Amino acid sequence: MIIKKALTGLKRHSLSLIFLFAGSLLILFTILTLFNMIFRQLVLDTEGLLEAAADPVVIESILLTLYCSFLATLIATILGTPLAYVLARHDFPGKNIVESIIDVPVIIPHSVAGIALYALFMSRSPVGGAFSNIGIIFEDSMWGIVVAMLFVSAPFYVNAAREGFQSINPRLERVARTLGASQWKSFYKITLPLSVRHLFSGAVMAWARGISEFGAVIMIAFYPMIAPVLIFYRFTTHGLKGSQPIAVLLILICIVIFVLLRTTARYWEKKK
Amino acid sequence: MITLENVSHEWDDFSLKNVSFSVNKGEHFIILGPTAAGKTLILETIAGFYVPRKGKILLNGKNITRIPPEKRNIGFVYQDYSLFPHMSVKENVAFGLKMQKLPKREIETKVQDIMDSMGISYLDKRLPSTLSGGEQQRVALARSLVIDPDILLLDEPLSALDPRTRESLIEELKRIHEVRNTTTIHVTHDQDEALALADRIGVIMNGELVQVDTPYTVFNEPVTEKIATFVGVENVLKGKIICNEDGVVVVETGNYQIRALSNLKEGEVNVFIRPENIILSKVKLESSARNSISGNITKINQFGATFRIYIDNGLSALVTKHAIEELELNVGKKVYASFKATAIHLIKT
Numbered sequence: 001m002i003i004k005k006a007l008t009g010l011k012r013h014s015l016s017l018i019f020l021f022a023g024s025l026l027i028l029f030t031i032l033t034l035f036n037m038i039f040r041q042l043v044l045d046t047e048g049l050l051e052a053a054a055d056p057v058v059i060e061s062i063l064l065t066l067y068c069s070f071l072a073t074l075i076a077t078i079l080g081t082p083l084a085y086v087l088a089r090h091d092f093p094g095k096n097i098v099e100s101i102i103d104v105p106v107i108i109p110h111s112v113a114g115i116a117l118y119a120l121f122m123s124r125s126p127v128g129g130a131f132s133n134i135g136i137i138f139e140d141s142m143w144g145i146v147v148a149m150l151f152v153s154a155p156f157y158v159n160a161a162r163e164g165f166q167s168i169n170p171r172l173e174r175v176a177r178t179l180g181a182s183q184w185k186s187f188y189k190i191t192l193p194l195s196v197r198h199l200f201s202g203a204v205m206a207w208a209r210g211i212s213e214f215g216a217v218i219m220i221a222f223y224p225m226i227a228p229v230l231i232f233y234r235f236t237t238h239g240l241k242g243s244q245p246i247a248v249l250l251i252l253i254c255i256v257i258f259v260l261l262r263t264t265a266r267y268w269e270k271k272k
Numbered sequence: 273m274i275t276l277e278n279v280s281h282e283w284d285d286f287s288l289k290n291v292s293f294s295v296n297k298g299e300h301f302i303i304l305g306p307t308a309a310g311k312t313l314i315l316e317t318i319a320g321f322y323v324p325r326k327g328k329i330l331l332n333g334k335n336i337t338r339i340p341p342e343k344r345n346i347g348f349v350y351q352d353y354s355l356f357p358h359m360s361v362k363e364n365v366a367f368g369l370k371m372q373k374l375p376k377r378e379i380e381t382k383v384q385d386i387m388d389s390m391g392i393s394y395l396d397k398r399l400p401s402t403l404s405g406g407e408q409q410r411v412a413l414a415r416s417l418v419i420d421p422d423i424l425l426l427d428e429p430l431s432a433l434d435p436r437t438r439e440s441l442i443e444e445l446k447r448i449h450e451v452r453n454t455t456t457i458h459v460t461h462d463q464d465e466a467l468a469l470a471d472r473i474g475v476i477m478n479g480e481l482v483q484v485d486t487p488y489t490v491f492n493e494p495v496t497e498k499i500a501t502f503v504g505v506e507n508v509l510k511g512k513i514i515c516n517e518d519g520v521v522v523v524e525t526g527n528y529q530i531r532a533l534s535n536l537k538e539g540e541v542n543v544f545i546r547p548e549n550i551i552l553s554k555v556k557l558e559s560s561a562r563n564s565i566s567g568n569i570t571k572i573n574q575f576g577a578t579f580r581i582y583i584d585n586g587l588s589a590l591v592t593k594h595a596i597e598e599l600e601l602n603v604g605k606k607v608y609a610s611f612k613a614t615a616i617h618l619i620k621t
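Order-wise, the sequence lines are chains A and B. Just so we're aligned, residue 1 is where the first sequence starts under our numbering, counting upward by one. Just so we're aligned, residue 273 is where the second sequence starts under our numbering, counting upward by one.
Keep in mind that the hints were calculated from the coordinates and are not lab data. One or more of the hints may lead you astray.
[Said to hold, decoys possible] Below 30 angstroms or equal to it, Euclidean Cα-Cα: the simulated BS3-like pairs (lysine-lysine) are: (1) K343/B to K189/A; (2) K297/B to K328/B; (3) K334/B to K185/A; (4) K620/B to K510/B; (5) K605/B to K512/B; (6) K556/B to K593/B; (7) K397/B to K189/A; (8) K376/B to K185/A; (9) K512/B to K620/B; (10) K326/B to K95/A; (11) K270/A to K362/B; (12) K498/B to K612/B; (13) K397/B to K270/A; (14) K270/A to K606/B; (15) K189/A to K362/B; (16) K498/B to K554/B; (17) K185/A to K382/B; (18) K189/A to K373/B; (19) K571/B to K593/B; (20) K343/B to K362/B; (21) K373/B to K185/A; (22) K189/A to K376/B; (23) K606/B to K593/B; (24) K376/B to K362/B; (25) K362/B to K185/A; (26) K185/A to K397/B; (27) K343/B to K373/B; (28) K343/B to K446/B; (29) K512/B to K571/B; (30) K189/A to K382/B; (31) K362/B to K397/B; (32) K270/A to K370/B; (33) K189/A to K620/B; (34) K343/B to K185/A; (35) K510/B to K498/B; (36) K185/A to K370/B; (37) K571/B to K185/A; (38) K362/B to K498/B; (39) K376/B to K270/A.
No experiment lies behind these values; they were computed from the predicted model shown.
Whenever a hint applies, use it, and build me the whole structure from the sequences.
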């Protein structure tokens, strides 16, 4: 009787059960991969981790990574916010093409992006040459890292911001204008506060994406070494034992920062 | 006073064609039209969100066609109220005054005054998402009125509300209008709303303003058959004028003759008679100024509290339940449909 009941139950919910099982496999795959590494490092080789944390080269490269990605995100925010707003509010011929162009960096191989960036920004090219005249050099410099990160992370910000702006009824801006707000004022007083959550989470995504960039960066700036490059370098010279501690350190620092950012964002919202 | 002169504009799927009308100071002007007749777009053009391709908009004699919305001093209340969701009720109401950079104390007093007069002071710290439809509507009205606009634009202000709230807001709008005398342009598809509030009505269809008149004239003497159908004149008969003696016209409809008042001398006409102007009786009502036409009831339909009686002479009447019982109306029964000559409106075809 009970078995029969259980069987009919299984049958009735068969889709949900099978999907649930298949879905958990994917989650498990992600958790297992990261947990395995972190656990092995934290528990089985604590010493190695502490050693890496005390290594000024490692710390410097991690800080450089965070800083460069921050700069790239800042640029993406400054240039991407107006672009996202225009895309959210206006229709114009060729809009589809513009939207596709924004997504291109997401789909092309990162080494290809690196080659393309290098070709454009090397000092011998017209663009790189123009920048070197005002003292900005990209090859093997921080600026090279920043442009590589900007290239791959900007789409994340622009898309999130556009979604945010789209979610705001343009009538709110219109009403604000009938009440005497200029276009700028209504953007600043209505649109921006209402989309700040989207903009913030877009910026966090872009920042995270920048930190994780490797392929595009090494093409244009192997030095100074950002953390992913250092990890790769140590892996090729010292193997897993030399590279894993840095990897775990980087991932732990990132997790802490993201949790902090999330909490701050929530706190803001609650205050509202 | 605001005047639109031959305003034409095209949007992707809609266009305004040569819209011209004037609204006098202190007037409550209602633009009445079926849904999707471009009513909101007219208001948005008046508010300044679109510069019409052709035509002019004059506010108190000044051409404002190209002036940006924030410099027009025109209040706008959207159908969905469009309250700023991140601001409290009080902040919403104060927004326009803050944009004018008035001193803090003056803002405080003005906001308090208008909120008191609208009966929404108790909501001051609440966020719009926590308000009922009626409350949101009052806040939206207060927000647009606090800047003392030259013109108030209302976009279907009552259509999203339940019947009871609607009633009370109609009263509220009347009261506000009496107190503040703000020139108002109000668009709606709802005839009751128009009848209750309008000083004058402009009927819009397919982007064209087809009739501008007093409510009485629009509802009783619509200038086209389309307007007649839209405003609810549902007895439309075709006929031919036989004679006109001193303004009293006799129209032959084929089965019977109707007496009406008109200046028309001859020709084919459409005869409009509003169903609520028809009286049913068991016996013929004799009167020179009255038409009394017999027929058999073909159908009885209930509409809310009233019943609609269809008669095989092409007429239909609205009656109460009480009348049905008293006259013992039922399908097949012979009745007389009577209506005054003055209740008939003739349009040449």
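Hints versus structure:
1. Distance restraint check for K343/B and K189/A: the Cα-Cα separation of roughly 18 angstroms lies within the 30 angstroms cut-off, and the hinted pair is therefore satisfied.
2. Straight-line distance between C-alpha atoms of K297/B and K328/B comes to about 18 angstroms, which keeps the hinted pair within the 30 angstroms bound.
3. Straight-line distance between C-alpha atoms of K334/B and K185/A comes to about 26 angstroms, which keeps the hinted pair within the 30 angstroms bound.
4. Simply put, K620/B and K510/B have alpha-carbon atoms about 10 angstroms apart, close enough for the 30 angstroms limit, and the pair holds.
5. Simply put, K605/B and K512/B have alpha-carbon atoms about 29 angstroms apart, close enough for the 30 angstroms limit, and the pair holds.
6. Restraint check: the Cα-Cα separation between K556/B and K593/B comes to about 21 angstroms, which is no more than 30 angstroms; the hinted pair holds.
7. About 19 angstroms separates the Cα atoms of K397/B and K189/A, which keeps this hinted pair within 30 angstroms; it holds.
8. Restraint check for K376/B and K185/A: satisfied, since their Cα atoms lie roughly 19 angstroms apart, inside the 30 angstroms limit.
9. Straight-line distance between C-alpha atoms of K512/B and K620/B comes to about 9 angstroms, which keeps the hinted pair within the 30 angstroms bound.
10. As the CA atoms of K326/B and K95/A are separated by approximately 28 angstroms, the hinted pair is consistent with the 30 angstroms bound.
11. Taking the CA atoms of K270/A and K362/B, the gap is near 19 angstroms; set against the 30 angstroms cutoff, the hint holds.
12. Our distance criterion of 30 angstroms between C-alpha atoms is met by K498/B and K612/B, whose separation comes to about 23 angstroms.
13. For the hint pairing K397/B with K270/A, the CA-to-CA distance comes to about 15 angstroms; that is within 30 angstroms, so the pair holds.
14. Proximity of K270/A to K606/B is assessed by CA-CA distance (about 72 angstroms); at most 30 angstroms being required, the pair is judged violated.
15. Between K189/A and K362/B, the direct Cα distance comes to roughly 15 angstroms. Compliance with the 30 angstroms bound is thereby established for this hinted pair.
16. At roughly 33 angstroms between alpha-carbon atoms, K498/B and K554/B are farther apart than 30 angstroms, so this suggested pair is violated.
17. Note on K185/A and K382/B: the hinted pairing holds, with a Cα-Cα distance of about 22 angstroms set against a maximum of 30 angstroms.
18. At most 30 angstroms may separate the alpha-carbon atoms for a hinted pair to count; K189/A and K373/B meet this at roughly 14 angstroms.
19. Distance restraint check for K571/B and K593/B: the Cα-Cα separation of roughly 15 angstroms lies within the 30 angstroms cut-off, and the hinted pair is therefore satisfied.
20. With a C-alpha separation of about 23 angstroms, the suggested pairing of K343/B with K362/B holds against the 30 angstroms cut-off.
21. As the CA atoms of K373/B and K185/A are separated by approximately 13 angstroms, the hinted pair is consistent with the 30 angstroms bound.
22. Only pairs whose Cα atoms come within 30 angstroms are accepted, and K189/A paired with K376/B is accepted, the gap being roughly 18 angstroms.
23. Note on K606/B and K593/B: the hinted pairing holds, with a Cα-Cα distance of about 18 angstroms set against a maximum of 30 angstroms.
24. Annotation: proposed proximity of K376/B to K362/B holds, straight-line Cα distance about 13 angstroms (limit 30 angstroms).
25. Only pairs whose Cα atoms come within 30 angstroms are accepted, and K362/B paired with K185/A is accepted, the gap being roughly 19 angstroms.
26. Distance hint between K185/A and K397/B is fulfilled; the C-alpha atoms sit about 23 angstroms from each other, no more than 30 angstroms.
27. The hinted pair formed by K343/B and K373/B meets the criterion: a straight-line CA distance of about 14 angstroms does not exceed 30 angstroms.
28. For a cut-off of 30 angstroms, the pair hint linking K343/B to K446/B stands: about 27 angstroms separates their Cα positions.
29. Between K512/B and K571/B the alpha-carbon distance is near 27 angstroms, which keeps this suggested pair within the 30 angstroms criterion.
30. With a C-alpha separation of about 21 angstroms, the suggested pairing of K189/A with K382/B holds against the 30 angstroms cut-off.
31. Taking the CA atoms of K362/B and K397/B, the gap is about 6 angstroms. The hint holds against a cut of 30 angstroms.
32. Of the pairs offered as hints, the one joining K270/A and K370/B holds, with about 25 angstroms between alpha carbons and a cut-off of 30 angstroms not exceeded.
33. Between K189/A and K620/B the CA atoms are separated by roughly 57 angstroms; this puts the pair beyond 30 angstroms, and the hint is violated.
34. Distance restraint check for K343/B and K185/A: the Cα-Cα separation of roughly 13 angstroms lies within the 30 angstroms cut-off, and the hinted pair is therefore satisfied.
35. For the given pair, K510/B sits about 14 angstroms from K498/B by alpha-carbon distance, which is consistent with the 30 angstroms threshold.
36. Only pairs whose Cα atoms come within 30 angstroms are accepted, and K185/A paired with K370/B is accepted, the gap being roughly 11 angstroms.
37. Note on K571/B and K185/A: the hinted pairing is violated, with a Cα-Cα distance of about 61 angstroms set against a maximum of 30 angstroms.
38. Under the criterion of a C-alpha separation no larger than 30 angstroms, the hint pairing K362/B with K498/B is inconsistent with the structure, at around 45 angstroms.
39. In summary, the hint linking K376/B to K270/A is supported, as the alpha carbons are separated by about 27 angstroms, within the 30 angstroms threshold.
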